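Engineer: Build out the structure end to end from the sequences listed, making use of the hints.
At position 219 of the sequence shown (counting the first as 1) the number is 219 in UniProt numbering, and the numbers step up by one without a gap.
Keep in mind the hints are simulated off the structure, nothing from the lab. Bear in mind the structure is a predicted one, so any value in this text is a computation, not a measurement. The beta carbon of each residue, even a glycine, is placed where N, CA and C say it ideally should be. Don't take each hint at face value.
Think about it this way: if two alpha-carbon atoms lie no more than 30 Å apart in a straight line, the pair counts; the simulated DSS-like pairs of lysine-lysine are [what the hints assert, rightly or not]:
(1) K129 to K41
(2) K212 to K181
(3) K83 to K129
(4) K212 to K123
(5) K50 to K129
Have a look at the derived ranges for each label pair, beta carbon to beta carbon [what the hints assert, rightly or not]:
(6) K112 to V169: 20 to 26 Å
(7) K212 to E85: 23 to 29 Å
(8) S130 to K181: 21 to 27 Å
(9) G78 to E220: 19 to 25 Å
(10) A216 to P37: 35 to 41 Å
(11) F142 to P37: 16 to 22 Å
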Amino acid sequence: MASDSKQFWIPLESNPEIFILFFSQVLNKFSWNVGVPSSYKFLDVYDLDKELLDTIKKPLAVMLLYPLTQKAIDNPIGKVEEKSELYFIRQTIGNACGTIALVHALANNADKINFKDDGYMKKFIAETKSMTPEEKASYLEFNREMGVVHEDCAQEGQTQAPPRDQAVVRHFITLISRNNKLYELDGRKEGPVCHGEINKESFLESAAAMVKKFMARDPEEMDFSVMALAED
1 MASDSKQFWI PLESNPEIFI LFFSQVLNKF SWNVGVPSSY KFLDVYDLDK ELLDTIKKPL
61 AVMLLYPLTQ KAIDNPIGKV EEKSELYFIR QTIGNACGTI ALVHALANNA DKINFKDDGY
121 MKKFIAETKS MTPEEKASYL EFNREMGVVH EDCAQEGQTQ APPRDQAVVR HFITLISRNN
181 KLYELDGRKE GPVCHGEINK ESFLESAAAM VKKFMARDPE EMDFSVMALA ED
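Structural biologist: Written out as structure tokens, the structure is:
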């Protein structure tokens, strides 16, 4: 999704038909390129029923790509938490919501993921973890390495790169579990949104229930995609 920034990246989600087919490949390529071990993968979640969710072992985060309609904007679900210790970065770069959602998924699981020492994600998290969300955003704006990886992945499966300022109506968010609570991380907002207490053993089921709320809010829209970051 675009922001108010004058800086734009090529949108990861610019071509829905291709992107749905390559969703997991794009995210895995991105994460592996920045130093995430290959034992951690983004998996397509084709169904939100419990039976299918139970086949995904050791889930760490869920990424949702959904239509950012006016109805979605006017009817937010939950409220921003005033103070939070979660790693959170604001989106100030147009079309960077996919990268920001991925960073949210990885950085908030840094205690579980053994990032490669020479990989860029470990360095990025170390250099930004003590910054405010706005300072993290500014750091990302001037971060050449992350921008290069983003744009390389944005062209995955596409014969021609889309315009940087292309209007994009789909938006990425991340869902994670922390201290037995379900959190939504959305770079458009001022901070994390807490969606209440959950059983940490049923994180994926709780995240799926939240995705269903997003769908129910916009019942005429069908363009939703869900991925789970899990350890293989």
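Engineer: Each hint needs a verdict: does it hold in this structure or not?
Structural biologist: Status of each hint after checking the structure:
1. K129 to K41: holds (23 Å)
2. K212 to K181: holds (18 Å)
3. K83 to K129: holds (15 Å)
4. K212 to K123: Violated. K212 to K123 sits at ~35 Å, over the 30 Å cutoff.
5. K50 to K129: Answer violated: K50 to K129 is near 35 Å, above 30 Å.
6. K112 to V169: 20 to 26 Å: violated (33 Å)
7. K212 to E85: 23 to 29 Å: This hint holds: roughly 28 Å between Cβ atoms.
8. S130 to K181: 21 to 27 Å: holds (23 Å)
9. G78 to E220: 19 to 25 Å: Holds: the Cβ-Cβ distance is about 22 Å, inside 19 to 25 Å.
10. A216 to P37: 35 to 41 Å: Because 36 Å falls inside the window, the suggested range holds.
11. F142 to P37: 16 to 22 Å: violated (28 Å)
Violated hints for the displayed structure, listed by number in ascending order: 4, 5, 6 and 11.
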